[in-house]
Amino acid sequence: MHSPHLLSINDLTKNEALELLDTARELSRITDGAIKKLPTLRGRTVVNLFFEDSTRTRLSFEAAAKRLSAEVINFSAKGSSVSKGESLKDTAQTLEAMGAELMIIRHPTSGSAQRLAESGWVNSHIVNAGDGMHEHPTQALLDAYTIRSHFPEHDRDFTGLRIGIVGDILHSRVARSNVLLLSALGAKVVLIAPPTLIPIGARSWPVDISYSLDAEIENLDAIMMLRVQSERMSDAFFPTEREYARDFGLGTQRLKALKSSAIIMHPGPMNRGLEISAASADSPKSVILEQVSNGVLIRMAVLYLLMGGTPIPTEGVLV
Amino acid sequence: MSDSDFLLKGAVMSDGISVDIEVREHRIARIGNSLASDLPAMDVDGAMVLPGLVDLHTHLREPGKESSETVLTGSQAAIKGGYTALSAMANTFPVADTAGVVEQVARLGKEAGLCDVFPIGAVTVGLKGESLAELSAMAQSAARVRIFSDDGHCISDPLLMRRALEYVKAFGGVIAQHAQDPLLTVGSQMNEGIISSRLGLKGWPSVAEESIIARDILMAHYVQSRLHICHLTTKGGVELVRWAKGQGIAVTAEVTPHHLMLTDDLAESYDPVYKVNPPLRTQDDVHALREGLADGTIDIVATDHAPHPAEDKDCEWSAAAFGMIGLETALSVVAKAMVETGLMDWPTLALRMSSTPALIGGYEDHGVIEVGKVANFIVIDPAASWKVDRNKLLSRSSNTPFHDFTLPARVTHTFFHGVQVLSNGQLTGLKYE
Numbered sequence: 020m021h022s023p024h025l026l027s028i029n030d031l032t033k034n035e036a037l038e039l040l041d042t043a044r045e046l047s048r049i050t051d052g053a054i055k056k057l058p059t060l061r062g063r064t065v066v067n068l069f070f071e072d073s074t075r076t077r078l079s080f081e082a083a084a085k086r087l088s089a090e091v092i093n094f095s096a097k098g099s100s101v102s103k104g105e106s107l108k109d110t111a112q113t114l115e116a117m118g119a120e121l122m123i124i125r126h127p128t129s130g131s132a133q134r135l136a137e138s139g140w141v142n143s144h145i146v147n148a149g150d151g152m153h154e155h156p157t158q159a160l161l162d163a164y165t166i167r168s169h170f171p172e173h174d175r176d177f178t179g180l181r182i183g184i185v186g187d188i189l190h191s192r193v194a195r196s197n198v199l200l201l202s203a204l205g206a207k208v209v210l211i212a213p214p215t216l217i218p219i220g221a222r223s224w225p226v227d228i229s230y231s232l233d234a235e236i237e238n239l240d241a242i243m244m245l246r247v248q249s250e251r252m253s254d255a256f257f258p259t260e261r262e263y264a265r266d267f268g269l270g271t272q273r274l275k276a277l278k279s280s281a282i283i284m285h286p287g288p289m290n291r292g293l294e295i296s297a298a299s300a301d302s303p304k305s306v307i308l309e310q311v312s313n314g315v316l317i318r319m320a321v322l323y324l325l326m327g328g329t330p331i332p333t334e335g336v337l338v
Numbered sequence: 009m010s011d012s013d014f015l016l017k018g019a020v021m022s023d024g025i026s027v028d029i030e031v032r033e034h035r036i037a038r039i040g041n042s043l044a045s046d047l048p049a050m051d052v053d054g055a056m057v058l059p060g061l062v063d064l065h066t067h068l069r070e071p072g073k074e075s076s077e078t079v080l081t082g083s084q085a086a087i088k089g090g091y092t093a094l095s096a097m098a099n100t101f102p103v104a105d106t107a108g109v110v111e112q113v114a115r116l117g118k119e120a121g122l123c124d125v126f127p128i129g130a131v132t133v134g135l136k137g138e139s140l141a142e143l144s145a146m147a148q149s150a151a152r153v154r155i156f157s158d159d160g161h162c163i164s165d166p167l168l169m170r171r172a173l174e175y176v177k178a179f180g181g182v183i184a185q186h187a188q189d190p191l192l193t194v195g196s197q198m199n200e201g202i203i204s205s206r207l208g209l210k211g212w213p214s215v216a217e218e219s220i221i222a223r224d225i226l227m228a229h230y231v232q233s234r235l236h237i238c239h240l241t242t243k244g245g246v247e248l249v250r251w252a253k254g255q256g257i258a259v260t261a262e263v264t265p266h267h268l269m270l271t272d273d274l275a276e277s278y279d280p281v282y283k284v285n286p287p288l289r290t291q292d293d294v295h296a297l298r299e300g301l302a303d304g305t306i307d308i309v310a311t312d313h314a315p316h317p318a319e320d321k322d323c324e325w326s327a328a329a330f331g332m333i334g335l336e337t338a339l340s341v342v343a344k345a346m347v348e349t350g351l352m353d354w355p356t357l358a359l360r361m362s363s364t365p366a367l368i369g370g371y372e373d374h375g376v377i378e379v380g381k382v383a384n385f386i387v388i389d390p391a392a393s394w395k396v397d398r399n400k401l402l403s404r405s406s407n408t409p410f411h412d413f414t415l416p417a418r419v420t421h422t423f424f425h426g427v428q429v430l431s432n433g434q435l436t437g438l439k440y441e
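Residue numbers (this note's numbering), protein chains in the order written: chain A, 20 to 338; chain B, 9 to 441.
Among the hints, erroneous ones may be present.
To be verified - Calculated pairs, DSBU-like style, for lysine-lysine (alpha carbon to alpha carbon, straight line, at most 30 Å):
| # | chain 1 | residue 1 | chain 2 | residue 2 |
| --- | --- | --- | --- | --- |
| 1 | B | 73 | B | 243 |
| 2 | A | 108 | B | 381 |
| 3 | A | 108 | B | 210 |
| 4 | B | 73 | A | 108 |
| 5 | B | 243 | B | 210 |
| 6 | B | 210 | A | 33 |
As the list claims (entries may be wrong) - Here are some of the chain B residues that sit facing chain A, going by a computed Cβ distance under 7 Å:
| # | residue |
| --- | --- |
| 7 | 200 |
| 8 | 202 |
| 9 | 205 |
| 10 | 207 |
| 11 | 208 |
| 12 | 209 |
| 13 | 254 |
| 14 | 278 |
| 15 | 323 |
| 16 | 324 |
| 17 | 325 |
| 18 | 326 |
Stated by the list, open to error - Counterexamples of contact, computed for chain B against chain A with all Cβ distances above 12 Å:
| # | residue |
| --- | --- |
| 19 | 34 |
| 20 | 43 |
| 21 | 102 |
| 22 | 134 |
| 23 | 189 |
| 24 | 395 |
Simulated from the structure, these hints should not be mistaken for laboratory data. No residue lacks a Cβ here, since even glycine has one placed at the ideal position from N, Cα and C.
Turn these sequences into a full structure, and let the hints steer you where they fit.
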């Protein structure tokens with residue numbers, strides 16, 4: 020990777036993205052079957068800098084770091100000095116003074132990861148684990164990894180795949196990163212949502228935009244359901260949850276309309292019965308738990324490539 | 009004879025005419041060619057003389073936020089930038105919504121003695137947009153307030169806006185509106201458009217500005233009062249004001265130097281030095297603003313000088329304060345955006361930055377170089393080129409978006425009531441008492 024940070028999918032060339040996916044696959048081959056550790060980052064320290072609740076993402080990064088034998092310091096904003104007014108700058112500098120070499124940052128405001136990387140406050144590598152409504156690049160990478168594993172004929176090129184992202188595009192960092200990455204890999208992304216949840220500027224994105232899930236569903240190779248945040252209701256982006264579920268939920272009828280080869284994805288956590296029915300979430304087409312496992316592999320690959328660990332051994336060892 | 013009496017020799021007016029200017033008892037005594045005088049002469053060797061610049065939109069932060077700026081440091085920055093009159097916005101702590109506070113600000117300005125500081129009064133109590141402040145008391149105070157504004161906040165309640173526009177007619181006041189529909193801009197961080205959509209920063213749509221401008225133009229017409237639009241930023245806003253002027257409606261409008269020069273793609277750095285309200289817009293908007301300023305649709309340039317301490321900008325975008333400083337760079341930025349591009353000549357620049365703002369504010373001692381008038385004028389070197397260094401500005405704050413820009417035109421001398429408060433670009437330590 021040419022960048023010392025992973026802030027946005029734009030930090031990766033197409034070849035770098037493929038290299039990252041290949042590295043994750045290599046790690047999968049070595050660690051498959053047992054919870055094995057690799058010694059590649061032994062003695063190195065990474066920090067989970069979480070200013071927003073996200074147990075799942077934090078645990079995924081923590082598992083990834085530990086499987087590479089790195090030391091992990093967990094910082095979360097709740098109950099910490101941040102609530103007493105300590106700034107991002109002070110927090111990051113404090114943790115770097117404790118020996119951090121790489122910071123995984125989750126922050127409620129857009130651009131915080133880039134600001135941390137480019138402000139000169141710290142020298143660490145920065146990995147964006149989700150910044151506001153901006154990006155969540157490791158989520159997009161694990162999604163691409165998951166899609167690739169189900170479409171082996173598209174191993175190095177997603178051209179010909181049509182991938183639907185359904186729901187709250189406006190507020191979604193997952194959608195933004197996926198639009199960039201999946202388009203760069205050659206897929207055609209179609210954003211499917213009520214017009215109130217499509218950003219004004221999306222008309223300049225390399226995507227199709229549709230207001231009808233029914234019109235799109237039978238053409239999709241993968242369908243990615245985004246979580247509906249409860250606060251969107253109070254902001255009147257759509258009239259009722261019932262109407263949203265009826266128009267944009269992946270229920271039983273729409274499940275039947277999917278291609279036989281299509282996969283169902285969700286970045287989690289799900290609102291069962293709202294954007295996705297239990298039948299869809301638990302159907303054989305669902306790859307939602309694979310996404311979770313793949314997330315650890317992708318994050319291992321990111322840490323490994325950014326920190327330049329010792330070469331990956333040919334097989335995993337118990338450490 | 010006063011200590012500050014002198015003869016300025018070898019000056020060139022903005023229209024290219026060479027003149028000598030004789031200053032006696034703080035006023036312009038004579039203007040002519042090769043004047044003979046017993047006064048000490050100062051030869052500026054063909055440099056350009058302009059009436060002192062007049063800013064109708066300055067945040068001086070005093071009282072209450074003296075760590076960012078004071079009336080004195082703001083006055084110093086002003087004369088460095090060629091301003092001889094400032095208009096201090098009301099969003100201080102306490103808010104300038106009573107005769108007492110506006111008189112305090114006016115007194116601080118007089119004590120500084122470097123330029124005139126005209127307080128702007130708040131329209132509503134505490135800038136809360138709920139009830140009218142005592143506008144008449146401020147108008148009749150020693151500060152003689154004529155411009156009223158809740159700047160920083162829009163007077164969004166249409167009935168309150170109607171009442172304000174009507175009420176100030178009694179004393180020739182004008183309402184300066186910060187046009188921003190608050191419900192359309194909750195939590196907004198930058199211009200809504202292609203860039204904000206990509207960056208995931210909450211958008212501030214142009215229509216939130218334009219809908220208020222349209223409403224207030226109609227209202228000003230209906231109640232036959234004067235409306236001034238603060239910091240116009242959108243193409244649609246320019247078109248609305250152009251239409252209103254065509255209808256003979258008494259509306260005036262201002263544009264800031266930064267909106268004439270910078271665009272929203274600068275937010276891609278997430279560096280909050282580019283965070284400002286109203287936000288930087290698109291290239292299309294910048295073109296429309298420049299055209300509007302050139303043809304007079306936009307009457308004046310106003311700085312919206314908004315100082316903030318370092319910690320309010322050395323942070324993540326969303327945590328940062330809105331605002332940019334501008335007093336020391338305004339003339340140069342306007343010269344670059346408007347004169348270098350051929351859109352405007354120097355006499356028109358003098359109208360937009362001095363004469364017309366003085367008329368709108370009713371600042372009788374400013375805006376003209378004429379016999380009998382107070383000697384408020386500046387000498388500039390239009391051919392100079394200088395590099396902005398945020399660490400060398402006289403403002404107490406350094407949040408300029410023009411750091412490292414190379415800009416044309418430099419202010420060399422500023423005369424306030426004939427007192428040379430700036431000489432060769434340096435404060436002289438003199439003041440008018």
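Each hint, compared with the structure:
1. B:73 <-> B:243: The given pair, whose Cα atoms are some 34 Å apart, is violated under the 30 Å limit.
2. A:108 <-> B:381: 53 Å, violated
3. A:108 <-> B:210: 22 Å, holds
4. B:73 <-> A:108: 23 Å, holds
5. B:243 <-> B:210: 21 Å, holds
6. B:210 <-> A:33: Between residue 210 of chain B and residue 33 of chain A the Cα gap is close to 29 Å, so the pair holds against 30 Å.
7. 200: It holds, given that the least Cβ distance between residue 200 of chain B and chain A is near 6 Å, below 7 Å.
8. 202: 4 Å, holds
9. 205: 3 Å, holds
10. 207: Residue 207 of chain B check passes; min Cβ-Cβ to chain A is 6 Å, inside 7 Å.
11. 208: Holds, because the Cβ-Cβ distance from residue 208 of chain B to chain A comes to roughly 3 Å (cut-off 7 Å).
12. 209: Holds, about 5 Å.
13. 254: At 30 Å from the nearest chain A Cβ, residue 254 of chain B fails the 7 Å test, so the hint is violated.
14. 278: 3 Å, holds
15. 323: This interface hint holds because 6 Å falls under the 7 Å limit.
16. 324: Status holds, d = 4 Å.
17. 325: 5 Å, holds
18. 326: With Cβ-Cβ at 4 Å, under 7 Å, it holds.
19. 34: Correct as stated: the minimum Cβ-Cβ distance to chain A is 49 Å, above 12 Å.
20. 43: 56 Å, holds
21. 102: 24 Å, holds
22. 134: 25 Å, holds
23. 189: 16 Å, holds
24. 395: The assertion about residue 395 of chain B holds, with a minimum of 21 Å to chain A.
Of the numbered hints given earlier, the model fails hints 1, 2, 13; all others are met.
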